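A.B. asks: For the sequence shown, numbering that gives the first Met the number 0 gives the first residue as 0, with consecutive numbering after it.
Quick caveat, the hints were computed from the structure, so don't treat them as lab data. Worth double-checking, as some hints may not be accurate.
Quick list of simulated restraints, FRET-style, between CB atoms [as the list claims (entries may be wrong)]:
{"no.": "1", "residue 1": "Phe82", "residue 2": "Thr47", "range": "57 to 65 Å"}
{"no.": "2", "residue 1": "Ile80", "residue 2": "Pro28", "range": "43 to 51 Å"}
{"no.": "3", "residue 1": "Gly45", "residue 2": "Gly78", "range": "52 to 60 Å"}
The model shown is predicted, which means the values in this text are computed figures rather than measured ones. Using N, Cα and C, we set each Cβ at its ideal position, and we do this for glycine too.
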Amino acid sequence: MPHPDHHPAAIEVHHPQPLVHPPAAPLVPVQAGPPPTVQSIVLPDGRTVTGYSLTATPVPAHAAARPAVSRTAVNIALGGIGFGAVCGGLFLLTTFIAALTAFITQLIVLAAVIFGGWIAVQLFSASGHRGGITVNIRKAVIKRNHFRG
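Given only the sequences and the hints, what does the whole structure look like? Please build it.
C.D. replies: Put into C-alpha cells, the structure is as follows:
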C-alpha cells in the first residue's frame, strides 16, 4: 500500500522520431591509378599537418586558348561605360544650349529697347527741326468764296 503523502509522478511518454537522411552526394568516378602520396608538414610551432599531396590537373589545349571573359561581355561593359560618359556630356551640352538661347533672347530684347528708345527720341524731340515747309495757320475770314488772310 502506498504511503498517503506520496503521489505518483506524472508519466512522460517519448515517441521516437524517425531520422531523415540527407540525399547521398553523387559519386565521382575515380580514375584507376596509384594511390595518392601522403605528405606531412611540420609547422613552426611544432604541430605536424598530414595530408594528400595534390597534383595539378592538366588543362586541355582548347580550354587554355579561351580567354577568361568573353569579348562580347567586355564590349558590352565598355559600351555601358562610354554611354555613361556620353550622357554626362549630353547633359552639359543641353545646359549650354539653354544658356546660349537665353543669352541671345536677352540680347534681342535689349536691342529692341535701345532701338525703340532711339526712334522715340527722334520722333518726339522738339529741337530736331529738319528742312521742310513751315505753315503758320491763322484765323482767316472767308467772304464770298474769297480767301483773305
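A.B. asks: All hints, please: hold or fail.
C.D. replies: These are the hints, each one checked on the structure:
1. Phe82 to Thr47: 57 to 65 Å: The hint (57 to 65 Å, Cβ to Cβ) holds, given that phenylalanine 82 and threonine 47 are roughly 58 Å apart.
2. Ile80 to Pro28: 43 to 51 Å: The hinted range 43 to 51 Å holds for isoleucine 80 and proline 28, with Cβ atoms some 45 Å apart.
3. Gly45 to Gly78: 52 to 60 Å: Taking Cβ atoms as reference, glycine 45 and glycine 78 lie about 58 Å apart, which means the hint holds.
Comparing the model with each numbered hint stated earlier shows that all of them hold.
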